[in-house]
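Required output: the full structure, derived from the provided sequences and hints.
For reference, the chains in residue letters:
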Amino acid sequence: MKRFIVFETQNNKYVFDVGMKRIMLCHPIFFSILKHENENGKQNYCNDKKRSSKTSDRRNKNKKNQEYYQRKYQFLTKAGYFSDFDSTERLSGTISAEGIKNTLANLNQVTFEVCDSCNLKCKYCGYGEFYSDYDKRENKHLSLITAQKLLKFLAEFWNSDRNISSEKNIMISFYGGEPLLNMPFVSELIKFVKLLNVKYKRFSFSMTTNGVLLDKYTDFLVENDFQLLISLDGDEESNGYRIFKNNQPAFKRVLKNTIALRDRYPEYFKKNVNFNAVFHNKNSVSRIYNFFKKTFGKIPHIAELNPYGVESSRINEFKKMYADIADGILDIDDYEKVEREMFLSLPSIKSIAVFLHKYTGFVYQNYNDLQFPQKRPRRTPTGTCFPFYKKLFLTVNGKILPCERISHSHSLGYINDKCVEIDFDRVASKYNRYYDDARQLCSKCYNVETCQKCIFNFDAGQPGFTCDQFMGYSQFAEYLSKHMDYIESHPKLYSKIMTEVAFE
Amino acid sequence: MNSNSGWFFLEPYVHISCKGKHVLLFNTLNGKVIEYMDDARVSRLIRKLVSSNNLLVLTITKDYLRSNPWFSQFLKKVRLHFMGDFIEASIKGKKPVQMMQMLNVVKDANKFKKDSIRSIGEYLKPYLSEVSIYINDFCEFTCPYCIDAFKQFSFCHRKTGINSELKIETIERLLEETRNTTLNKLNILGGNIYYYSHIDRLFMLLDKIPIKKTIHTNYLHLTGDRTLLKFFLRRGMNLNILITFPLQQEIFEKSVSYFERSGHNVTFSVILQNEADLKNVQALNSRYNMSRFIFHPYFNGRNLTFFKKRVFLKRRDVFDQKPALSDIFARMKINQLNFGKIIVQSNGDVFANLNSPKIGSLYQHSLYKILYNEIYHGKSWRRLRTNVKPCNHCVFCLLCPSLSNYEFVLKRNNLCHML
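Chains as they are written, first to last, in my numbering: chain A, 1 to 504; chain B, 1001 to 1419.
Just so you know, these hints were derived from the structure itself, not from any lab. Note that the coordinates shown come from a computational prediction; the quantities given were computed from them, not determined experimentally. C-beta: ideal position from N, C-alpha, C; glycine also. Treat the hints loosely; a few may be bogus.
Unchecked claim - Simulated coverage check for chain B against chain A, where a stretch passes if three residues somewhere in it have a Cβ under 8 Å from a Cβ of chain A:
#	region
1	1008-1018
2	1096-1104
3	1118-1127
4	1171-1179
5	1332-1340
6	1361-1372
Pasting the structure below:
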């Protein structure tokens, strides 16, 4: 791997130190020296470069400048810049069974697939016609006993000395299918959670819903202070894919229910209700923004369709439906205003935020990182979350998964009539095998730090396996250039991101 | 310098401090400094440079260069120390940017305080790195500094009229609770620790813990049979011998010499109150290996002159320490001297700093609760120079070390000759 990358925006020149993950503005002469070294492996730019200067004054000045920048290069090198970077060593981290147990003891969220039935048949549904990497939908309800068994199992970890926190909040989330179709389960489980003897944790509740049955359960949701995420793609035309089983559009019903909730509980609505809009070929960023802003005074989260796990026979149809948000932004009127308000909801801004968090060197996770800064700590390859770091997901069939976005074939454990079964050593081995397979490719990628790739979403280890997010030198230089160019155009975004955004 | 327009910038590794007309630029890579004590032009320039619109890069026009001839000299200094540069360029093009220092701590306690769902206590135990336990408070000696030396640095102390000792079961419970922390140092102090009822059991307990353990003993306490101590020193425990002047020479010779020659992991903490003590140290120098001696200035209420001469920081002292950028960042958020440390007194009271109120009691609170109290109220672990006068008005604020116990006992925050 090169020790540094030189890149340019429209007018300006920069260098990125690969080992230190830092970016610096460059004087053009310094830039040339660095570029020369990268291309030729030599630092003697002064001697190699033949300049035909018209006057000896100018020749002297050029020579002085080059000598100055050679000295600057040596100064920076002595200070640790531009040093060799062993990316294989950096990515040699592995996962252990003990680490997984520690993560369970400090879980952020437990998500229950309350049922696999749904009262809509959204065209793009992750459990619908385009995908096959999930358990067959059988109109099942999650057993209350199974869910309680899981919580009792987890409570032992939460009460153990593996727990590192006091007063930590654990989000109990309800997912589906459509969770409002199994409210008896939700209601009973909440009662159970409130009686659970867990010393150093507190619980809150959340739900992702299509909103069709919202009117029936509003009071219950408000009473239990649910954080609600309502799936709605924008105005009526934008919701064209969200239909009932009889193919009738669901928009008006959901809108009516949501407005009723807002009007009846305005404070709750303001504090607890958010929206998730799926981006596709029937809507646009400006339409989504305008609809939610005008109707609810809210900025929705916007998600693209999931391109992973699409059935090969449906790919062409899927591609027609699919839209890239990056392209969708190009035609927004008053982009500056929309960008300000949507902020991290826009993938472009989120990408800048991730870029700055990883490549300024000014973001620390916690106080220990400040007190004991580690220069180049080891980590695992890819952008895969540590098992259960974000959440634990229990499916309607009793499978335990690290999140709801990956195939059900990757379960890490299961609950049967007798017990909760998680073989921690086996889970660690599974992850480490995938990491071993990915490591060779990842160690050549320059963008490991901002990698979002999950090992369960690509075929590591398969012959000819590639990663669509792999970045070699040129691709990474282009990535750096694009992001720095954006910051040059929006300098105030830098301090907004650095003061307001926190990624864990 | 050419009179063409262009971009002036500073490097991201330069610490910039500007208070009024006083400007300090500190190169965190090599410790070089550029300082202007009273220059409104430079301070105006620097303030513009660090605005969120400019991100360390300023447009410099030909007009500006003509009407500010001082800028050339300033730029020369900046370039000399590799703190920045000037790019001649058409200023019609897009202005470049530099990664400007803006610290972001994801799990910052202040952020969590504002969040209704997240808790300030959600990342606690990993912060604990050092525990000091006063196992008893009985001692047969009546040293004059006993009353308060322990509030300035790790030192033994006793309480008259009380003879409390920490229950061994409580110590066992505490050490059990410190699993899954990043505890890496344990200090054992007293009174005279050899009067502790369960000293054998304590040593056995400590022996099982795979972290750095240090027994702090006044040299006066080393006269008896110390076979047990020697045994555990051979097994990797550390010994810190506390020494004060005037020395009781015979006791010193007999007890300290053995340990000094033994090859065990032994250090010597020497209290210094005045110039005479310094001379005494020089006398020791001729006989002992001074590399294992650590010197602690002790404020006795009457030796401010000594402190001003020997302890207070001068400009040069601050620059010579060459704080790294990570130190400067750390000092924005935590007290580097106190963070992660707790002190347990023999009556079970727990402190993050012995000069601040207690944060709990081992007989009443769990370790979680105790750590939560400290991280929430932030009296010691997050005691910052940026929050106290006059340091928060000084350009050296983040270059100076974190507030120590001396600021408490001297009742002033600026132990320096800067202000």
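How the hints compare with the structure:
1. 1008-1018: holds (count 4)
2. 1096-1104: holds (count 9)
3. 1118-1127: Holds, because 10 residues of the region 1118-1127 of chain B bring their Cβ atoms closer than 8 Å to Cβ atoms of chain A.
4. 1171-1179: holds (count 3)
5. 1332-1340: Three-residue rule met by the region 1332-1340 of chain B, so holds; n is 5.
6. 1361-1372: holds (count 4)
The structure agrees with every numbered hint stated previously.
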